[in-house]
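Visitor: Sequence:
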Amino acid sequence: MDEHNRPIHTFQVCHVMEPNQNNWLRTNWIPRQAAQKIYVELRFTLRDCNSIPWVSGTCKETFNLLYFETDEPHGATAHFHTNDYAKIDTIAADESFTQTDLGDRVLRLNTEVREVGPIARKGFYLAFQDVGACIALVSVRVYYKKCPSTLRNLAAFPDTVPRVDSSSLVEVRGACVENAEERDTPRLYCGADGDWLVPLGRCVCSIGYEEIFITCSVCGPGFYKAFAGNIKCSKCPPHSSSHTEGSAQCHCEKNYYRASKDPPTTACTRPPSSPRNLVFNINETALFLEWTPPSDTGGRKDVSYNVFCFRCGADGQACEACNSNVRFVPKPTGLTSTSVVVQDFVAHVNYTFQIEALNGVSGLGRSERQLANITVSTEQAGPSLVGVVRKDWASQTSIALSWQETEQPHAAILDYEIKYYEKEQEQLSYSSTRTKSPSVIVTGLKPSTVYAFHVRARTLAGYSSYSPKFEFTTGDESKSFSKNASFQYLLVLVIVTATVGGFSLLIILTLFLLITVPFPGLKTYIDPDTYEDPSQAVHEFAKEIDPSRIRIERVIGAGEFGEVCSGRLRIPGKKEIPVAIKTLKGGYTERQRRDFLREASIMGQFDNPNIIRLEGVVTKSRPVMIVVEYMENGSLDSFLRKHDGHFTVIQLVGMLRGIASGMMYLSDIGYVHRDLAARNILVDDNLVCKVSDFGLSRVLEDDPEAAYTTTGGKIPIRWTAPEAIAYRKFSSASDAWSYGIVMWEVMSYGERPYWEMSNQDVILSIEEGYRLPAPMGCPVALHQLMLLCWQKERSRRPQFNDVVSFLDKLIRNPSSLLTLVEDVNSFPESPEDMPDYPLFISIGDWLDSIKMSQYKNNFIAAGYTTLDSISTMTIDDVRRIGVSLIGHQRRIVSSIQALRLQFLHVQQSGFHV
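Okay, so the sequence shown: first residue is 1 according to the UniProt record's numbering, each after it adds one.
Hints were generated in silico from the structure; no laboratory data involved. A portion of the hints provided could be inaccurate.
Think about it this way: if two alpha-carbon atoms lie no more than 16 Å apart in a straight line, the pair counts; the simulated EDC-like pairs of lysine to aspartate or glutamate are [as the list claims (entries may be wrong)]:
| id | residue 1 | residue 2 |
| --- | --- | --- |
| 1 | K60 | E18 |
| 2 | K446 | E422 |
| 3 | K261 | D302 |
| 4 | K146 | D193 |
| 5 | K809 | D848 |
| 6 | K436 | E424 |
| 7 | K146 | E115 |
| 8 | K331 | E424 |
| 9 | K585 | E563 |
| 10 | K809 | D845 |
| 11 | K146 | D195 |
| 12 | K37 | D165 |
| 13 | K60 | E95 |
| 14 | K145 | D193 |
| 15 | K446 | E471 |
| 16 | K391 | D302 |
| 17 | K60 | D94 |
| 18 | K469 | E424 |
| 19 | K146 | E171 |
| 20 | K37 | E69 |
If you anchor each label on the Cβ, the simulated ranges turn out as follows [to be verified]:
| id | residue 1 | residue 2 | range |
| --- | --- | --- | --- |
| 21 | N281 | S621 | 44 to 54 Å |
| 22 | N801 | G645 | 24 to 34 Å |
| 23 | D184 | K575 | 21 to 31 Å |
| 24 | A267 | N323 | 55 to 65 Å |
| 25 | K261 | E178 | 27 to 37 Å |
| 26 | G645 | R114 | 21 to 31 Å |
| 27 | S337 | I282 | 14 to 24 Å |
| 28 | T62 | S849 | 15 to 25 Å |
| 29 | Q799 | K87 | 52 to 62 Å |
| 30 | K575 | E178 | 19 to 29 Å |
| 31 | S849 | K543 | 41 to 51 Å |
Glycine is no exception: its CB is placed at the ideal position from the N, C-alpha and C atoms.
Taking the hints into account, I'd like the entire structure generated from these sequences.
Guide: Okay, here's the thing in structure tokens:
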């Protein structure tokens with residue numbers, strides 16, 4: 001009976017009374033299928049020899065498990081050769097039963113698992129040999145492990161069998177699901193236990209498709225998606241529709257249009273109706289036209305106006321377009337205001353003006369022009385009293401004019417007004433002057449420039465019409481000075497001097513701009529403290545969110561300024577997303593509000609998958625909030641403590657790689673974090689680590705005591721580089737020191753750095769050369785990187801791009817993580833004790849470092865694949881593999897000799913490469 005008192009079938013043997021037992025049980029032939037390594041799970045019972053009376057030395061408490069590989073199954077009558085079988089292991093029981101147990105019918109089952117591999121033949125037999133035990137074999141389960149087919153990031157990954165070497169990962173490239181396309185090559189790594197590790201790359205849904213449950217589903221009628229990406233299908237904008245599935249855009253309804261520059265997300269619009277309430281007013285000789293905007297702007301805001309002028313004769317004669325003398329201020333076309341001034345028209349004439357309203361879709365389709373008409377009589381304008389205007393003389397800055405009256409005025413002329421402007425600036429501005437006589441000298445003009453002049457007279461009845469336009473040119477400056485040779489020489493000298501000085505100034509300004517202004521595409525961090533008004537920085541770098549779109553669900557923690565909550569953010573046109581919300585507690589001061597929002601001003605400048613993403617802020621209502629993406633697994637330190645020992649080394653290295661990638665981005669744009677620690681790293685449900693908490697630097701300038709306290713967000717001693725503690729020298733190098741501490745936290749699963757040592761003891765110990773020892777199970781390569789980050793001389797610490805490159809090599813070569821620090825006889829405890837040898841991973845890396853990468857294939861073809869294998873090479877060996885240039889031979893041999901000395905030094909210190 002089994003443990004549930006149900007009958008079971010077993011293979012039993014209990015020949016314990018007779019010596020020299022050799023009993024065999026063999027399985028049928030088992031096809032290997034895709035397995036490279038097989039696992040055998042045995043469930044059995046075994047009786048304690050001491051419980052069997054009258055048994056001396058013949059009773060055993062073990063049996064043997066064996067196997068035999070073949071390509072074909074043997075027949076049932078084939079002779080059974082025990083010598084063909086290789087022993088897997090001797091199996092012993094953890095629990096054995098006694099006579100009492102047998103009487104009580106209590107079954108004490110043992111379960112043992114053994115692995116066999118590599119298996120190369122098409123199939124195999126398993127055999128069980130008894131040498132004198134009392135045993136019952138209940139079940140045998142034979143299986144192999146594989147990473148099951150899965151869908152990740154919209155990519156399908158097939159069943160994958162791990163490699164026999166448990167330290168090596170199988171890189172598998174995924175295929176995008178139907179109706180998806182690659183954004184970055186999707187990859188997964190298959191681990192030895194059948195688990196998928198280190199997801200990289202992704203696919204996105206194509207145009208017209210959206211992601212639903214790891215598939216790309218077609219957008220239905222009435223919806224569209226214009227761009228490839230993991231965004232949802234959108235409902236068609238107003239006055240548009242899509243009648244088929246998978247639409248990239250929605251088509252406009254009849255009589256509605258989109259302009260060529262309108263994105264597909266905009267509503268379809270139509271041309272505006274005509275302007276309304278067109279009126280005019282003549283003030284002396286200026287005609288003012290005014291109107292109100294159309295009652296229907298067509299749904300657009302880019303409404304503009306054109307003014308058309310027609311001069312109409314008497315007795316129903318046809319109208320003709322006004323001549324060029326009629327001027328419009330500011331201009332006749334492209335007006336954005338609803339008024340225009342008409343000048344230089346002729347008196348005693350009927351004019352018809354048409355005002356046309358347009359917008360961005362006017363002219364599309366067959367829509368009629370939308371015009372407002374008005375007819376204006378200029379009878380009330382005074383007649384022109386000025387005849388031909390003459391230029392009497394001109395200098396480089398002045399023109400003398402004179403004119404005569406065209407007719408005898410009915411009243412005495414009080415004075416004249418002269419209006420003038422540069423011909424090229426006709427529509428922009430003009431100047432005027434007055435004179436009582438029919439002549440004037442206009443001064444303050446530009447040399448060699450054409451000016452237009454209009455003259456009108458003023459009587460007791462008012463102004464007359466302006467005279468026609470007369471154009472005159474000022475004198476040429478170069479001709480004015482040609483008579484004075486000495487002055488001309490002085491002028492040339494001044495010009496040359498100014499040119500040289502100006503060129504020098506131009507060079508200085510160019511260099512300054514090259515230093516201070518970033519190149520296009522290269523983003524540079526801007527300190528919010530450089531803004532006179534801090535709120536300006538918030539609104540420039542952070543998006544204001546309507547608080548009605550935020551739903552707070554629960555409190556998940558407390559921050560320096562208030563509570564931290566989780567909730568949902570509703571984005572128009574998209575589904576709700578989970579977010580974390582930092583709130584500013586009530587009763588705050590303006591300084592606290594500024595400090596609270598300062599972090600948002602910083603975060604809003606970052607755009608990197610390993611930096612926490614800012615969704616926006618709420619500043620125009622209470623409570624003031626900062627909204628960021630929600631990270632399901634919380635802070636890295638508490639997450640690691642909660643899952644102590646649950647991750648493989650490769651998974652931990654993947655986390656470290658993500659943190660280093662985020663720090664590399666911050667370093668590249670010129671931002672120094674100053675508080676890098678595992679508590680300030682957040683983890684999402686895919687184990688992606690993101691750098692967060694960007695508020696520390698605000699305190700450093702304000703509190704001189706912050707260097708020796710860890711409360712209130714001030715300098716955290718255990719994570720901070722010595723020069724930052726002593727001299728406040730924060731830089732990317734001090735962030736590299738902090739990164740080394742984060743590495744130690746990750747490899748120790750969230751243990752507190754320096755344990756219970758006081759801050760003062762930590763400072764003194766570091767100054768004396770002490771560094772944190774490697775955590776248990778830490779690979780040598782990772783602790784070596786920690787020690788490099790903890791170099792006292794900050795210039796010797798690695799840069800973050802070097803760290804990312806090094807971790808990438810470890811991920812691609814997991815065997816480099818097999819050597820653990822505790823397996824090494826002697827390992828340096830501080831950076832100063834480390835031998836000076838390079839961190840090469842392969843022959844290719846070594847050749848790259850000495851700029852001899854063209855010979856990689858030569859070394860590999862000759863069988864040199866590790867640094868150990870080249871350590872004995874001579875110059876003859878180098879020639880033999882095909883290096884013919886003498887200079888290259890010498891460089892390679894010199895490097896080999898240096899490596900040989902370094903290996904000798906390392907081996908003498910007990911360190912194994």
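Visitor: For each hint, tell me whether it holds in the structure or not.
Guide: Each hint, compared with the structure:
{"no.": "1", "hint": "K60 x E18", "result": "11 Å, holds"}
{"no.": "2", "hint": "K446 x E422", "result": "9 Å, holds"}
{"no.": "3", "hint": "K261 x D302", "result": "12 Å, holds"}
{"no.": "4", "hint": "K146 x D193", "result": "7 Å, holds"}
{"no.": "5", "hint": "K809 x D848", "result": "14 Å, holds"}
{"no.": "6", "hint": "K436 x E424", "result": "29 Å, violated"}
{"no.": "7", "hint": "K146 x E115", "result": "14 Å, holds"}
{"no.": "8", "hint": "K331 x E424", "result": "14 Å, holds"}
{"no.": "9", "hint": "K585 x E563", "result": "7 Å, holds"}
{"no.": "10", "hint": "K809 x D845", "result": "10 Å, holds"}
{"no.": "11", "hint": "K146 x D195", "result": "8 Å, holds"}
{"no.": "12", "hint": "K37 x D165", "result": "10 Å, holds"}
{"no.": "13", "hint": "K60 x E95", "result": "14 Å, holds"}
{"no.": "14", "hint": "K145 x D193", "result": "7 Å, holds"}
{"no.": "15", "hint": "K446 x E471", "result": "14 Å, holds"}
{"no.": "16", "hint": "K391 x D302", "result": "46 Å, violated"}
{"no.": "17", "hint": "K60 x D94", "result": "14 Å, holds"}
{"no.": "18", "hint": "K469 x E424", "result": "14 Å, holds"}
{"no.": "19", "hint": "K146 x E171", "result": "13 Å, holds"}
{"no.": "20", "hint": "K37 x E69", "result": "12 Å, holds"}
{"no.": "21", "hint": "N281 x S621: 44 to 54 Å", "result": "47 Å, holds"}
{"no.": "22", "hint": "N801 x G645: 24 to 34 Å", "result": "31 Å, holds"}
{"no.": "23", "hint": "D184 x K575: 21 to 31 Å", "result": "24 Å, holds"}
{"no.": "24", "hint": "A267 x N323: 55 to 65 Å", "result": "43 Å, violated"}
{"no.": "25", "hint": "K261 x E178: 27 to 37 Å", "result": "34 Å, holds"}
{"no.": "26", "hint": "G645 x R114: 21 to 31 Å", "result": "24 Å, holds"}
{"no.": "27", "hint": "S337 x I282: 14 to 24 Å", "result": "19 Å, holds"}
{"no.": "28", "hint": "T62 x S849: 15 to 25 Å", "result": "55 Å, violated"}
{"no.": "29", "hint": "Q799 x K87: 52 to 62 Å", "result": "54 Å, holds"}
{"no.": "30", "hint": "K575 x E178: 19 to 29 Å", "result": "22 Å, holds"}
{"no.": "31", "hint": "S849 x K543: 41 to 51 Å", "result": "46 Å, holds"}
Violated hints, listed in ascending order, are 6, 16, 24, 28; each of the other numbered hints is respected by the structure.
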